[in-house]
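Working from the sequences, and respecting the hints, build out all of it.
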Amino acid sequence: MATYLIIGASSGIGLATAKLLSEQGHQVIGTYNTTTPENISNVDFHQIDITQENISFDFIPEVIDGIVYCPGSINLLPFARIKPQDFLNDYNLQVVGAVKTIQACVKNLKKGTNPSIIMFSTVAVQQGFNFHTQVASSKGAIEGLTRSLAAELSPTIRVNCIAPSITQTPLAGKLLGSEAKIEANAQRHPLKRIGQPEDIAHMVKFLLSNESLWITGQVLAIDGGMSTIKI
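In full-length UniProt numbering, the protein residues as written are 1 to 231.
No lab work stands behind these hints: they were computed from the structure.
Do not take every clue at face value.
[Stated by the list, open to error] Pairwise CB distance ranges, derived in the manner of DEER restraints:
hint	residue 1	residue 2	range
1	Pro155	Ser178	42 to 52 Å
2	Phe59	Ile229	37 to 47 Å
3	Asn130	Asn39	35 to 45 Å
4	Glu62	Ser41	17 to 27 Å
5	Asn130	Asp58	42 to 52 Å
6	Thr228	Asp58	36 to 46 Å
7	Glu62	Glu183	40 to 50 Å
8	Ser227	Val63	17 to 27 Å
9	Glu62	Asn130	41 to 51 Å
10	Phe131	Ser178	17 to 27 Å
11	Phe79	Phe59	19 to 29 Å
12	Asn54	Gly128	12 to 22 Å
13	Glu23	Phe59	15 to 25 Å
14	Glu198	Val96	21 to 31 Å
[What the hints assert, rightly or not] In silico BS3-like links for lysine-lysine, alpha-carbon gap of 27 Å or less:
hint	residue 1	residue 2
15	Lys230	Lys19
16	Lys19	Lys107
17	Lys19	Lys111
18	Lys181	Lys192
19	Lys110	Lys19
20	Lys230	Lys174
21	Lys174	Lys192
Every residue gets a Cβ at the ideal spot worked out from N, C-alpha and C, and that includes glycine.
Here it is in structure tokens:
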């Protein structure tokens, strides 16, 4: 069984992934910031604020087999109303946080078995949606980081990115706060439903596993067909 580090494992996709991996018998080292974590077998939680300048990762085992970086934000506003600092705050959380984590843990990861890193983008990077400039800017940087890091860390460590469409998580609560909003968003997708955290967690599990040993540097759309199908 493998040992995985999940940054942001107490909610949403991170939580679904932690549960799925633990059910398979893997050991999960999970972090949380403000969301109180559940008591899950095989999951050891540690509190950190990834936006802080100095973070201790001394709780990481000497050997880990994968990193899943989940922290994100969904701030949808007209461009004229977004302050430059808002862009910086998102970049610090979603990009710099991932950089801090990987730099701190890459030596541990290189000792692992077929190690893998997984980060998250969004369908909005490649599609271009109204009011998505803030979130798409940071997530676009994640896609660039994924490809460049995959080249630099090959052949030892695989690096991939998942780009979901809207998924029913607490982070998307403002956009999916009623049945009418859920249905309206579902109808925008060719598969006519909203993504669930488990839909994404299963892809994370695949990208961590030996079943994906020839996949690296990819941005994989798990989005109900939103990015490729027009019906």
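Hint check results:
The hint said 42 to 52 Å for the Cβ distance between Pro155 and Ser178, and at roughly 48 Å that hint holds. Between Phe59 and Ile229 the CB atoms are about 43 Å apart, so this pair conforms to the stated range of 37 to 47 Å. At about 41 Å, the beta-carbon gap between Asn130 and Asn39 stays in the expected band of 35 to 45 Å. For Glu62 and Ser41, the Cβ-Cβ distance of about 22 Å falls inside the hinted range of 17 to 27 Å, so the restraint holds.
Taking 42 to 52 Å as the suggested C-beta distance range, the pair Asn130 and Asp58 conforms, at roughly 44 Å. Checked against the given bound of 36 to 46 Å, the beta carbons of Thr228 and Asp58, roughly 43 Å apart, stay inside it. The hinted range of 40 to 50 Å is satisfied by Glu62 and Glu183, whose Cβ atoms lie roughly 49 Å apart. In this structure the hint that Ser227 and Val63 lie 17 to 27 Å apart at CB is violated, the actual value being about 36 Å.
A C-beta distance of roughly 47 Å is found between Glu62 and Asn130, which places it inside the suggested range of 41 to 51 Å. Range check, Phe131 to Ser178: about 19 Å between beta-carbon atoms, so the 17 to 27 Å window is met. The given range of 19 to 29 Å is broken by Phe79 and Phe59, whose C-beta atoms sit roughly 40 Å from each other. Our hint of 12 to 22 Å for Asn54 and Gly128 is violated, since their Cβ atoms are close to 37 Å apart.
Against the hinted window of 15 to 25 Å, the Cβ-Cβ separation of Glu23 and Phe59 comes to about 22 Å, which satisfies the hint. Between Glu198 and Val96 the beta carbons are some 29 Å apart, a value that agrees with the proposed interval 21 to 31 Å. With a CA separation close to 34 Å, the supplied pair Lys230 and Lys19 exceeds the 27 Å bound. Between Lys19 and Lys107, the direct Cα distance comes to roughly 26 Å. Compliance with the 27 Å bound is thereby established for this hinted pair.
In summary, the hint linking Lys19 to Lys111 is supported, as the alpha carbons are separated by about 24 Å, within the 27 Å threshold. For the suggested pair Lys181 and Lys192, the alpha carbons sit about 13 Å apart, so the restraint of at most 27 Å is met. In summary, the hint linking Lys110 to Lys19 is supported, as the alpha carbons are separated by about 25 Å, within the 27 Å threshold. At most 27 Å may separate the alpha-carbon atoms for a hinted pair to count; Lys230 and Lys174 meet this at roughly 26 Å.
For the suggested pair Lys174 and Lys192, the alpha carbons sit about 20 Å apart, so the restraint of at most 27 Å is met.
Going through the hint list in order, the structure does not satisfy hints 8, 11, 12, 15.
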